[in-house]
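**Q** What follows is each chain in one-letter form.
Number of protein chains: 2
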Amino acid sequence: MAGTSIYPKYPPDLNEERASFLLSNLKDWSIAHGLAVRPAPSFVESEKDPAGVLATTAPVTLFPSLFPRTCFEEGLEIAQAYNELYAAIIRDEEWLGNIITELLGIDEFVERLWKIHMAVKKEGYAQDLSLGLFRSDYMVHIDPSTANATPEIKQVEFNTIASSFGGLASQVSALHTYLVSIDAYPEEARSIIDLDNLPKSTSVPQLSAGLAVAHRTYSSSQGNRTKCVLFLVQDPERNIFDQRHLEYSLQSQGIRVFRLPLDRVLTDTYLDTDRSLIYTPPHSPSSTFEVTTVYFRSGYSPDDYRNEEDWNARLHLERSRAIKCPTILTQLAGCKKIQQVLATPNSPHLSRFLPDDAVASRVLKTFAPIYPLDESQAGLEARKLATDPETASRYVLKPQREGGGNNVYRKAIPDFLKSQPESHWPAYILMEMIEPPALHNAILRNGEVQKGGVIGELGVYGVCIWRHGDGKLEKGEILENFEAGYLLRTKGDQSEEGGVAAGFGAMDSCCLIDV
Amino acid sequence: MAGTSIYPKYPPDLNEERASFLLSNLKDWSIAHGLAVRPAPSFVESEKDPAGVLATTAPVTLFPSLFPRTCFEEGLEIAQAYNELYAAIIRDEEWLGNIITELLGIDEFVERLWKIHMAVKKEGYAQDLSLGLFRSDYMVHIDPSTANATPEIKQVEFNTIASSFGGLASQVSALHTYLVSIDAYPEEARSIIDLDNLPKSTSVPQLSAGLAVAHRTYSSSQGNRTKCVLFLVQDPERNIFDQRHLEYSLQSQGIRVFRLPLDRVLTDTYLDTDRSLIYTPPHSPSSTFEVTTVYFRSGYSPDDYRNEEDWNARLHLERSRAIKCPTILTQLAGCKKIQQVLATPNSPHLSRFLPDDAVASRVLKTFAPIYPLDESQAGLEARKLATDPETASRYVLKPQREGGGNNVYRKAIPDFLKSQPESHWPAYILMEMIEPPALHNAILRNGEVQKGGVIGELGVYGVCIWRHGDGKLEKGEILENFEAGYLLRTKGDQSEEGGVAAGFGAMDSCCLIDV
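First to last, the sequence lines map onto chains A and B. All residue numbers in the first sequence are consecutive under our numbering, ending with 499. All residue numbers in the second sequence are consecutive under our numbering, ending with 499.
Errors might be hidden in some of the hints.
Below, computed lysine-lysine pairings styled on BS3-like, alpha-carbon distance capped at 27 Å [as the list claims (entries may be wrong)]:
| no. | chain 1 | residue 1 | chain 2 | residue 2 |
| --- | --- | --- | --- | --- |
| 1 | A | K435 | B | K435 |
| 2 | A | K435 | A | K459 |
| 3 | A | K32 | B | K475 |
| 4 | B | K435 | A | K32 |
| 5 | A | K475 | B | K435 |
| 6 | A | K395 | A | K475 |
| 7 | A | K32 | B | K32 |
| 8 | A | K105 | A | K320 |
It is worth saying that the hints were derived from the structure and are not from the lab.
So that you can see chain A by itself, here it is in the shape it has in the complex:
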């Protein structure tokens, strides 16, 4: 998968003394600053640490990865436009509903969520405010068909629920900055790895600012109740410190936060007559809190719902007066199908939600083209591209169904389609491959350093708070809309034997470069 080369030689070589200096500083700084995870059972068996007191450095890159400056700036600059886009999509219930209902037959998870939304809608939502802590993920793309193509960012996905790693992203950017400040990198690389080229990620203060604004904007029907924010969590959670950093930031502003697994929702909370969500901490049964905001770090995957009780818990939360981050509509707006509808070439939809043409065209540029394979005009064109081995080599075929893992890549597409009856083709979409430039880095994971070709994914956080109105696009209003820092996640590109292993990837930050 190694793509076009646009960067200078990177990262610099480390001799043994320098590697040891860099690693010992990285390992200590990360723990001293909570850039940590609980160790995986494959690293420390759980019976060795039944109380769960051990921690280890979160998987991180030794170097901040090179990233084209213009691409980085564009990603951050359009964060507000993306917030606006999704807050509009979510408010346009008819439009959103039309697309979601197309998925009802083929995606049981979407179906269950949709049913909850419809049930609450029938009863009437008790809360008009919505909080979005979004993350738009991009890869750098170099058009292989154009000589000397300018690198651009292309969107991989848009996350509307449980956008993770914001708690650690500030820390990893601070880590790389610290390593520069102690001259941990070789001299010959210092013109590249320079503090001016390392943008700070403000994700912790900004994401927690979003939660804090929601908390303070919430108006209780009873003034005298103590209020809190509820983090809906998985239990156990290895990526706990990522969440805790947001919690500590809120706590330092005097906002109480409690963590609640989905299976405790119905035992530890109830709805008051006006559907205020009242939480009673199990460790302190005599105290009660009115929940202003429910922040979901669970509930995004079918696996989080282990039984009917868990589904009832989700309904219970959706019915409540608490501000949801996200509501079910917001969660559903993150479906890949929405991304596809927006990104199909010549789609009329974007302008519906982003009336300013200049803004819409900037957002449009970040879409990798996605085609349906149905019998529409766009679908017929896509069938041509997909059945010709020459053109197919720039695409990936994905099932419409959420979940992934069944993708068919490049030259394998024509034969795969031939094996399927044409009547099944509409169950797939055809997406142009994002072609990232060749890049190398080194990753520390579980105490091992792996070096090799890597692919970086830039996540840009956005905070948006809006009033839903009555489910018509024109109604409602946006109260807050700001960019909220960034994350770079870097994983092996699988281009080499013995390179960086696939899988989770590592926390990273950007080293901006003019290319």
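Following the hints, complete the assembly by docking chain B onto the known chain A.
**A** Below, chain B without anything else, positioned relative to chain A:
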């Protein structure tokens, strides 16, 4: 060893839900804020984590320990007097030398240090400034012979080198404050465990301020050299984060810090013609730094000197123009013998160093009486106390020799002395036992919670910078003198089977109480 009871029932009981809430918050907060240590090999075998990336919560108490408010305030208020006292003792070379030379026959470690001092003195010291980062350790004492005695602090020892845990002390005080702020403690205890009763420890900013002042006060003979502070360290170091917090605080003020084990001193540093100490980092051989300050976190124990090279390294540092924290004289002033000489009842020495009678008498009150067993007037009185089982029960017999471990306690003293020829008696000193009030707490160590009777030791940090002058008490001057935060260390009192294990103890903070 459980003493008089002066406190209300403490700590409060925790039911299962509350214990789980408190522990999960404690475990996560500690790692997120670097209140951590590398795990002991008895907890995680080193072959399981060869790269040393694992960390665990530093041993901590679940509750801040009760501590009499007046005792705490007195300990902090006399910190400056103690700084003044020791800076005077160290400047009075004749007085200090007379006492140290008495130890030369019986303590090889003291003898080697003294020889280095004498050698450098002969050549002439190249640096007149000294930095002391001191820690005076106290226990609360209730005189068992007086009904309703007021609790007082009595000094256990005065540390003049490598006073540790200052980097973590700020964090443990912040941890207990955090636990209060999230109502982790039961309601019935909240009138005691109240934020107003939890003094913040400022040890990180204050100790690093001391190092920073020394660094900035140092004047180079060559203006254009890049300067740094050198931490002389043991390697490996499990208590690494304690040291790193001080380093990060300096680094954030733009001061470069390097860590250097004793056995690398001669390879990585050299003395310039004016004996400036020049450091070349092994990972960056082309860069050099002039060392302004050497901060010893090693070199305090004979075990740190593994061979003649290590002793040569100590000489090399002492000869250098860098400010030493501490100089050899400062280190030697921390000998128990000095404490004994000061604390012998009716000793004339204190007033020599603390001319203000009011100040001297406050310091004097913190001494537990220590008697020689020689044929002086004080010694003859002490022999009476030591040979009568009734009076002996309030004393501990200690060898003059540094090191400890050979103490004889209370009623065992008369028989022990009888077994020794009287000519050997002067090799011992007789110290009044400090009798701490009964106290309970719970400690988390290696994931296990132990509950039981405990003894707390209050350490008060002090920063002092002085000019040595010419080794005459009247000469020289103090440039900086301030109290620098506190530490509480708590260990099992061994009063119960299955209680808190003896040994290292745990990090703790004070919950002040009026008794």
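**Q** Against this structure, judge whether each hint is valid.
**A** Results of checking the hints against the structure:
At roughly 47 Å between alpha-carbon atoms, K435/A and K435/B are farther apart than 27 Å, so this suggested pair is violated. With a CA separation close to 52 Å, the supplied pair K435/A and K459/A exceeds the 27 Å bound. Proposed proximity of K32/A and K475/B is supported: the alpha carbons are some 25 Å apart, at most 27 Å. For the proposed pair K435/B and K32/A, the alpha carbon gap of about 22 Å is at most 27 Å, so the pair holds.
For the suggested pair K475/A and K435/B, the alpha carbons sit about 46 Å apart, so the restraint of at most 27 Å is broken. Proposed proximity of K395/A and K475/A is supported: the alpha carbons are some 24 Å apart, at most 27 Å. In summary, the hint linking K32/A to K32/B is supported, as the alpha carbons are separated by about 11 Å, within the 27 Å threshold. Between K105/A and K320/A the CA atoms are separated by roughly 24 Å; this keeps the pair inside 27 Å, and the hint holds.
Hint compliance for this structure: hints 1, 2, 5 are not met, and every other hint is.
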